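Visitor: Heads up: the sequence lines are chains A and B, in that order. Residue numbers for the first sequence follow the numbering used here, so the first one is 2 and each next one is one higher. Residue numbers for the second sequence follow the numbering used here, so the first one is 459 and each next one is one higher.
I should point out that these hints are in silico values taken from the structure, not numbers from a laboratory. There's no promise every hint is true.
[Claimed, not checked] Chain B stretches covered by chain A per the calculated footprint, using a threshold of three residues with CB under 8 Å from any CB of chain A:
1. 692–698
2. 715–726
3. 817–826
4. 865–873
[What the hints assert, rightly or not] No farther apart than 25 Å at their CA atoms in a straight line, the calculated lysine to any residue pairs in the SDA-like style are these:
5. K681(B) x V154(A)
6. K784(B) x R131(A)
7. K897(B) x L856(B)
8. K681(B) x V146(A)
9. K681(B) x P922(B)
10. K771(B) x G144(A)
11. K784(B) x V154(A)
12. K771(B) x A158(A)
As the structure is a computational prediction, the values presented were derived from the model and not from experiment. All C-beta atoms, glycine included, are put in the ideal place defined by N, C-alpha and C.
Residue strings, one per chain:
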Amino acid sequence: MLKSRRRVIALTATVCAGAALAVVLLTGWASGGNSGVTDVAGSNSAVLYSAGHRPVAPDFTATTLTGSRLDFSSYRGRVVVLNFWGSWCAPCRAEAPTLAVTAQQYRPDGVAFLGVDVRDDPASALAFTREFGVPYPSVSDSGSVITLDFTSVVPIAGTPTTLVIDRTGHIAGAVFGPATQQELTDILVQVMHS
Amino acid sequence: MTDVRAPEADPFESAAEPGEQGPRNRDPASGKLGLADWLKWGWRQLTSMRIALVLLFLLALGSVPGSILPQEGTDPGGVQQYFASHPALAPWLNHLGLFNVFAAPWFAAVYLLLFASLVGCVVPRTFRLAGSARTLPPRAPRHLTRLPRSAEYQTTLTPAVAAEVAATVLAGHGFRLRRPDGDGEYWVSAEKGYLREVGNLLFHLALLGVLVSVALGGLFGYKADRLLVQGTTFADTQSALDEWYPGRFVSAADLGPFTITLNRFDASYITSGAQRGQPSSFDAQISYTAHPGGPVRNDRLEVNRPLSVDGAKVYLIGHGYAPVFKVTDSRGQVVYDQATPFISGASGNFLSQGVVKVSGAQPEQLGFTGVFVPTAVMVGGVLESAFPAADNPVVSLLAYAGNLGLNDGVPQSVYQLNTAAMRQLTSAPQLLLPGQSLKLPDGQGTIAFTGYVPWASLTITHDPGQLPALICGLAALGGLLLSFMVRRRRVFVRARASGQGNGAPDEAHSTVQIGGLARTDASGGFEDEFASLAAELRSAHSQHEGE
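Turn these sequences into a full structure, and let the hints steer you where they fit.
Guide: Next comes the structure, spelled out in structure tokens:
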């Protein structure tokens, strides 16, 4: 009887240890990195997707802040910088001048910039674009529907988020949070020459 | 929980496991024991029912502050408020983790110890039950009249026939039987009531299941909140949620890709009597798509009538008013035109407060703090709301100009106005009726109160542990009932040839002795069962006598 009790204790201990191991493995697995994604040097919020691992950017048709229809597929063949923002979003206001300057800088290279204005009203959004001299159009995404489409391929956690899309319509780089000019330049150089 | 049976001594149990008594009751303090003995002692303590009950009690006790104090997970605003109103006490409570009880290390410790205690109890129990299900009842004792219940009578049947008849009767009652191995004795051992132990085990296993289910919900579930103004849409993605509390193994990618539009929200209230102003119904008419490009479906949300979509449940938990403001700046540009959700405070009747931040106004940013009053009345010069429905809506605004502090890039609450770098434009709150506007001094612009729309707040939850927890809870209840209602009992029948004096035994006459013993007679009632069994045995024997 004593012997079988010892066996039972050993068995119980094994079950517990097994469960603990499973939890550790599961945790490690959940936090494991993705292949094909590299951090942009010197940045902890910007990433590059290597060729072959670039997610396809979803297509969308939406209304711009000034009321015209915009079909995202018409941008195919160009490098596109897609910026998710809102006039209510403080970090977006902080990065707005950087984006405006970078857009002007890369205009001769044929890089297109496009804004996706999230959870906003057009009046406030247009006031924002006037204030910061935003030289490119934005589509209205008050219901976050476009954001949802993109979230299925890249982990957009909020605004601002900036995606760089290559000429074939694949997402080649992303900045999660306010983008710096250095981060945008690093990604654009890679994408334009690939 | 090894001793969940009735606490009184079990004569069979102690006899069956003589080897266990010594080490089990030995106290390490009383003798010289090594580390292994100490560990064994600790393990036995942990898996004892006393400790399990203490842990269960601690778990319940630990949940109490979770329902009394505001919690970070569900009510971060309440926590801030508590810190403000109890500046001395709050930091101490925070050190103890009482504002986030269910994530506190001590709560996890109690939870895991209870889990270990249950596992350590159930696993050995399962083995013992399996063992006892295989072993036959013990041989019938020699003197059955010494048992708690007994009966004795004479029959003209031979002992062999008497034992045979008794066996048939007992088997008919679902007893498990043991017969002699042909050693010239005639007896039957019968045992019944194994379901008690099965129920007991089921209860323990189900309790374990409840703990696992709750953990499952905590690790793989999530909760999110979203305030939705009538006429607007939101998509279930992290950036569109106001609050997002994921479990340990949940990421934003696990959110179901549904989209909900609040088409119309209606609240009605009791208009007379003592209950005046109490809500009588809420009704949110929504349309939703379960995934992008999917068909649009219409549905209604009511309190306690959630929408199930994509494995998540969407609950209607609150509502309020969003006054619509249109702000024109000094240059005549419309720089703000939207419904702005105001939040009702404790003051009742939906007297609601909110903030308007006009970041795009030129030359200076504008800010307003406002109060929305659905049914405005003046009580001694103070604006109050007499009824929760918008029967006489009024907003009261204080205007500010300057720097909202948004351009530094630091995120702000949409319900708070930081006036540190702003100056007040209006000396007193300005009242506006729908359609009225307020001209700001110095040509700073105009704010118009163009109307109001209702908003509804939604909570989206996904708890994969909910159904398993329910099933386990029912199973635990079933197991408990079984273990309370079923008794383990043994009945023995022994037939002996009744010798007439010391002469040759008259084989034609036997003495039948019946003995009965309830192994766990906590619930009573065995007395009656034994009496009726004894009567049945006796009548069966007399019936056979006639043949």
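Visitor: Now, for every hint given, state plainly whether the structure supports it.
Guide: Against the structure, the hints come out as follows:
For the segment 692–698 of chain B, the proposed coverage by chain A is satisfied: 7 residues have a C-beta within less than 8 Å of a C-beta in that chain, meeting the threshold of three. Here's how the segment 715–726 of chain B fares: 3 of its residues keep a CB closer than 8 Å to some CB of chain A, so the rule of at least three is met and the hint holds. Here's how the segment 817–826 of chain B fares: 4 of its residues keep a CB closer than 8 Å to some CB of chain A, so the rule of at least three is met and the hint holds. As drawn, the segment 865–873 of chain B meets chain A at 7 residues by the rule of a beta-carbon pair under 8 Å; at three or more, the given contact holds.
Annotation: proposed proximity of K681(B) to V154(A) holds, straight-line Cα distance about 22 Å (limit 25 Å). With a C-alpha separation of about 18 Å, the suggested pairing of K784(B) with R131(A) holds against the 25 Å cut-off. A distance of roughly 12 Å separates the Cα atoms of K897(B) and L856(B); the hinted pair therefore holds under the 25 Å criterion. In summary, the hint linking K681(B) to V146(A) is supported, as the alpha carbons are separated by about 20 Å, within the 25 Å threshold.
This hinted pair checks out: K681(B) and P922(B) have alpha carbons roughly 12 Å apart, not beyond 25 Å. Annotation: proposed proximity of K771(B) to G144(A) holds, straight-line Cα distance about 20 Å (limit 25 Å). Straight-line distance between C-alpha atoms of K784(B) and V154(A) comes to about 37 Å, which puts the hinted pair past the 25 Å bound. Proposed proximity of K771(B) and A158(A) is supported: the alpha carbons are some 21 Å apart, at most 25 Å.
In terms of the numbered hints stated before, the structure departs from hint 11 and from no other.
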